[in-house]
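Trainee: Residue numbers (the numbering used here), protein chains in the order written: chain V, 1 to 212; chain W, 1 to 640.
Since the hints were made in silico from the structure, they are not lab data.
C-beta atoms are modelled at their ideal positions from N, C-alpha and C, and glycine is treated no differently.
Hints are all accurate, no fakes.
With a straight-line Cα cutoff of 30 Å, these simulated DSBU-like cross-link-like pairs (lysine-lysine) come out:
{"no.": "1", "chain 1": "V", "residue 1": "Lys57", "chain 2": "W", "residue 2": "Lys324"}
{"no.": "2", "chain 1": "W", "residue 1": "Lys334", "chain 2": "V", "residue 2": "Lys57"}
{"no.": "3", "chain 1": "W", "residue 1": "Lys106", "chain 2": "W", "residue 2": "Lys26"}
{"no.": "4", "chain 1": "W", "residue 1": "Lys410", "chain 2": "W", "residue 2": "Lys133"}
{"no.": "5", "chain 1": "W", "residue 1": "Lys427", "chain 2": "W", "residue 2": "Lys618"}
{"no.": "6", "chain 1": "W", "residue 1": "Lys366", "chain 2": "V", "residue 2": "Lys57"}
{"no.": "7", "chain 1": "V", "residue 1": "Lys60", "chain 2": "W", "residue 2": "Lys536"}
{"no.": "8", "chain 1": "V", "residue 1": "Lys17", "chain 2": "W", "residue 2": "Lys334"}
{"no.": "9", "chain 1": "W", "residue 1": "Lys181", "chain 2": "V", "residue 2": "Lys60"}
{"no.": "10", "chain 1": "V", "residue 1": "Lys60", "chain 2": "W", "residue 2": "Lys324"}
Label pairs and their calculated CB-CB ranges:
{"no.": "11", "chain 1": "V", "residue 1": "Lys111", "chain 2": "W", "residue 2": "Val624", "range": "51 to 61 Å"}
{"no.": "12", "chain 1": "V", "residue 1": "Glu56", "chain 2": "W", "residue 2": "Arg539", "range": "32 to 42 Å"}
{"no.": "13", "chain 1": "V", "residue 1": "Asn30", "chain 2": "W", "residue 2": "Arg440", "range": "43 to 53 Å"}
{"no.": "14", "chain 1": "V", "residue 1": "Gly107", "chain 2": "W", "residue 2": "Asp456", "range": "44 to 54 Å"}
Far from chain V, some chain W residues (derived; all Cβ distances over 12 Å):
{"no.": "15", "residue": "Leu27"}
{"no.": "16", "residue": "Ser287"}
{"no.": "17", "residue": "Leu532"}
In case you want the letters, here they are:
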Amino acid sequence: MEGMVTLQIDGKQVKAKTGATVLQAARENNIRIPTLCVHQKLVPYGACRICSVEAEKNGKIRIVASCGYPAEDGLVVRTRSPRLDRIRKLLIEMVAPQAVFEGDVGGEIRKLADEYGADIHRFESRLRVRSQRCILCGLCVRYCEEVVGAPALGFAGRGIERRVVFYPEIARRVFAGGMEWATEVCPTGKIGAESDGTYFGFTIDDFLAGKL
Amino acid sequence: MPKRLSSAEELDNLRKKIVSKRDPHKLGITVCAGTGCQTYGAKAVFDAFVEEVRKQDLSDKVDVRATGCHGFCEKGVLIVAFPEEIAYVKVQLEDVPEVVTAVANKQIVERLLYKDPVTGKTIVKESDIPFYKHQTRLVFGNNKLLDPKKIEEYIALGGYSALGKALSRMKPDEVLAEVKKANLRGRGGGGFPAGAKWEETKSAPGEPKYAVVNCDEGDPGAYMDRSLMEGNPHSVIEGLLLCGYAIGAHQGYVYVRKEYPLAVENLRIALKQAEEYGLLGENILGSGFGFSVGVHRGAGAFVSGESSALMAAIEGKVGEPRLKYVHTAVSGIKGKPTNLNNVETYATVPLIIDKGADWFRSIGTKGSKGTKIFSLVGKVNNTGLVEVPMGMTLRQIIYDIGGGILQGKKFKGVQTGGPSGGIIPEKHLDAPVDFDELTRLNSMMGSGGMVVMDEDTCMVDIARYFVDFLCGESCGKCIPCREGLRLLQRILTDICKGQGSKGDIETIEEVAQVMLDASLCALGTTAANPVLSTLKYFRDEYEAHIDKKRCPARFCKALTSYYIDPDKCSACLICLRNCPAQAVNGAKGEIHWINQEKCTSCGVCFDVCPTRFSAVVKISGEAVPPPPPPGTKVSRKKEG
Chain V
1 MEGMVTLQID
11 GKQVKAKTGA
21 TVLQAARENN
31 IRIPTLCVHQ
41 KLVPYGACRI
51 CSVEAEKNGK
61 IRIVASCGYP
71 AEDGLVVRTR
81 SPRLDRIRKL
91 LIEMVAPQAV
101 FEGDVGGEIR
111 KLADEYGADI
121 HRFESRLRVR
131 SQRCILCGLC
141 VRYCEEVVGA
151 PALGFAGRGI
161 ERRVVFYPEI
171 ARRVFAGGME
181 WATEVCPTGK
191 IGAESDGTYF
201 GFTIDDFLAG
211 KL
Chain W
1 MPKRLSSAEE
11 LDNLRKKIVS
21 KRDPHKLGIT
31 VCAGTGCQTY
41 GAKAVFDAFV
51 EEVRKQDLSD
61 KVDVRATGCH
71 GFCEKGVLIV
81 AFPEEIAYVK
91 VQLEDVPEVV
101 TAVANKQIVE
111 RLLYKDPVTG
121 KTIVKESDIP
131 FYKHQTRLVF
141 GNNKLLDPKK
151 IEEYIALGGY
161 SALGKALSRM
171 KPDEVLAEVK
181 KANLRGRGGG
191 GFPAGAKWEE
201 TKSAPGEPKY
211 AVVNCDEGDP
221 GAYMDRSLME
231 GNPHSVIEGL
241 LLCGYAIGAH
251 QGYVYVRKEY
261 PLAVENLRIA
271 LKQAEEYGLL
281 GENILGSGFG
291 FSVGVHRGAG
301 AFVSGESSAL
311 MAAIEGKVGE
321 PRLKYVHTAV
331 SGIKGKPTNL
341 NNVETYATVP
351 LIIDKGADWF
361 RSIGTKGSKG
371 TKIFSLVGKV
381 NNTGLVEVPM
391 GMTLRQIIYD
401 IGGGILQGKK
411 FKGVQTGGPS
421 GGIIPEKHLD
431 APVDFDELTR
441 LNSMMGSGGM
451 VVMDEDTCMV
461 DIARYFVDFL
471 CGESCGKCIP
481 CREGLRLLQR
491 ILTDICKGQG
501 SKGDIETIEE
511 VAQVMLDASL
521 CALGTTAANP
531 VLSTLKYFRD
541 EYEAHIDKKR
551 CPARFCKALT
561 SYYIDPDKCS
571 ACLICLRNCP
581 AQAVNGAKGE
591 IHWINQEKCT
601 SCGVCFDVCP
611 TRFSAVVKIS
621 GEAVPPPPPP
631 GTKVSRKKEG
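One chain only, chain W, in its complex shape:
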């Protein structure tokens, strides 16, 4: 067991000692061990590397390390070979011996390098890959450099130095002042200034005070908090400690959702190690300041991310929002002042204390400082976690980092802010991304989800999807949210089925307004946002569904038909054999046709028809052309 550190100086000495023990010439292989890569088998790959290095008798020369999530999850298992920083993607068990040999001989395994889907070129260095190149990784950057299960690696990278600085040289009010000056805004959703929240908790009457980390990230497609908590838990703990010191809290909680087992595991290990070093518990670094942290595992409820619901859950009650005209900052856990921030917000605090508010303010836009991590998913070439300075445009994020739309299709919209956010259309692609700008565009920053949609996405269906999601995730307590969602769900489902009627849009707007005005908590007041923003930007799609029974994206099944263009059909039998409804008629050499009575519009025929024929046509809102006379033969001339 390590010796408890009794001063900031001892922490510095420990850091120097750890660093000096390292052999700077040693080669390194890092294996991303985040949840994404683990689903690709990262654990086995890591073990195989350790075993292979031992087998090739390279243990003295090559270090193998499991790190936190690198963010480029679709390319897992991600391997980086140091010191050249050679990035290997989609590495599998059988690749391991070759990679180890190459590392030892300072060679490169060409076939495992990343190939840019846009230019077709292979790229050697990780930082040269466009996905990484255009990012600014301040908060997320250490993830790929350290093993989250070893506190020494965090310390070696300067970890806990902000805490040491604060405890030895700053008064609590100075820490608070620095965070306020930095204008750090909450990364979890609303963008409320963290400093103001801290101050409200600090000045609220009542002891003890609490500081709580919200790791209940539940927006569909968003996982930056998970990756931070898994990949660099100490940065979150350090931020929490700094908050506790600033506001006079001695007890903290981390609320982690049940679906994040690795985050819980790594967090628990981190807390234990921090305590062993005296970075948690009584008299931290000899300063007299004490702080302990409890872990609360959520039970799988989206609504528990709402502050009053989250605190009820920590108290052991049902995670439901309550009336909170008195802020949780004033009356939170057990009625005591409680500060709640999200994972990313806390992880940003050590940087601010370490480098100063002025440094932090030099990054970003007027109203939004620093960087923000987004989870870029959907119909883009490169998906994953991206950290960029506030103010980067949507176009830069989607095209420079994301590599543009999949299969060269047309961009239609990007959903930001999860179920409380909205969908931003193409005409606003050059908008700088920050808290205020996204709100102006009828969306929101939220926790940083960014789902890219292409021309094949139906905006009515997307609105329906989010409403569906919330129908199951609202707590159901208040009438406007529960009944409003139920009604919106029914109306939107009807519209998607071609059963919408005149007046539906007006009813939707009426319901949405009452949900916004009268709901109990922010889940309800924002629940209609995806509907309202799609109505604002894509109203014509709603009208087409209702008036013309046409789905412009040709997505909604009930409004979409498939038929086979007799001039293009080569009678290859592929669609005929694959049709699960046996709706395709024809025979070898005889032009195929689809029996519309039997067709379920599943789209399998469209997907399997070879692109060189592209004979299956998707239509919506128009009559299906009649099939050719039975037994019509394919004319051979088009084969040439």
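Okay, chain V solo, but in the shape it has when bound:
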């Protein structure tokens, strides 16, 4: 029999398989932890940090990303606290200008903004960024590589210049088979919205016709 660990999440004793993450343990016990870059088919990535929780071990409290932190015996986890709420609120506020479309954000980001009282326009004028409708969660990039099995997408640039790019030679093959998966995983709705043929800012027809 596979080993189990027992931990406490929000005051509730829960069991989890050895090797499971705190997020998995919570979800299996119907405890909700919000996320923006998690997909059950993908390896934990830890980029959005929305899933941050307080993990207490040996009397020490740390803020950890629940998507990657291993569930351990005796671990005490809190998924809500003033400190966590502050973190989630600010993360949404900081990333929102990148995700805004027609003056608002959609999907999970909208829900979280409401839940945590985040003002999605708070930093808009300060940041002065042109919304790419992309929060760089990497879901499309990782899904393509890990599930579809061909790295047609990737990241280019470092730091604040980071962006999603595609690799034409591989993309030619992968995208020809359809991209519904990308529409599905994109949390800002960018890919879905542009499914009329302008994935990632280029038209797939032009691309397949070799014009790119």
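Dock chain W against the given chain V, drawing on the hints supplied.
Mentor: Relative to chain V, chain W alone:
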């Protein structure tokens, strides 16, 4: 090709043989061939010395040797003449014949000696120069004595004897125990005890294990790892071998950043020579222990110094940090236990094994043992690499070794720990420098960068500089680091431009806290440190920028104006001719004045105005006095 050594005894015999072949009476000229001196032309100078010695028919009498970096890089090309240890600074090609003649005739070339900028006296011996005199060079000391391209020179100085000792007389656990007992803390940043790290790797399940050297030094202004790797690569290799032996690893890697070509070159030569002597490869010194080393050249990414990013890069993946709630010591390269230490940490290990943990513990402070190499740069008289015992005060380092602030200006702060560190103000100058003390002062040891700042440095601008640096060097993966840096960059830039507003400081603090709490890796969790420490110690400067639109250091261009004091102006035309914006008005004999509409605050007029006039005035946060009526003549009385 040399014979492979098959025991520690053979290594000792080889050492004796090398030493006995040397003529102790032979005169020597050493040329520093570190990267710093090479930019001053050390290679050509070295060749010229070889040629000149041949020309003067002195080859039997005088040895010419290229060595590693001496550390006093601003004075290059550095030459030392032995046996008297006469130091010549700023030596150029045309000086070579004179120096050779002087060495042969046991004379001194006065004009090339070092002149102390503080006392004005010339100093003959290298070790008498204040920059060197107050240092304790345990790790860095051999740099200037050996040619890094010749393993025999390292062996002659006792090199690889610690390895010989360990392999022939110590069990792996004893080597580990010695490093633990020495309480050697990681010299690359966090100061984590190396022994504990080694032990964690050793006891982690999984084979093979790896030992890795981090030479991705990227802090602005820091270059001690480069100098060690270039100047004494064998000391790093020996430390790596000792680690491998202690933790049961048989494969090592050295991650060297792309920007260090000489380090890569010297390292590769060193590895090849070590292998030829049987100090690397299978069955080292007949002990049965085998170890090989691969070199990985980085592709120029600061973030690759982070352990999980560095290991991803070695695996051939993008150098980005990953979630690492499981330490790399347990799951590193290819998911196997991997020990990672920095260059200086490894280079310290042979000393500990050779002289013992007790000796090492006798140096330094309670929590930080041994010495630390700092790169002392910025607004000090003497800049370069300095190695001092832990616990020396900032004041001793900056004033005794560094010779104080340039041009007698006032000290304002010293930045330690690079972009993850902070800025320490004058009131803490007497703090002893060690890992814990610097952390207590809201800075950190980091890899040992020490940038000295004077009264003309704007602390808001410095914070902005480091945030700018990280905006381009963060990997950009996680939201708090990427977006936090972007937001801090915008806010700080606005403040420096005089466009800050009430509430900015509070927003900065809010953002910084979330970056600290929630970022993926240490780059992000520490990225706001330069901002937080300047806010802690220099909050009034932030407030002056925001509330009074004044830059107290009169540095931020948008908040600084220049005008010409009509009582001091001699109408010499110098500023008028040099102004790139043609903003200076006037004529010969007519008092000059600056057209504020045209002025770009570049400061050229301020810099070129002769000090005997000092007529150009820099102001911030106050109204510029009106110019004199057009055509006002200079009154002659002040000429006398």
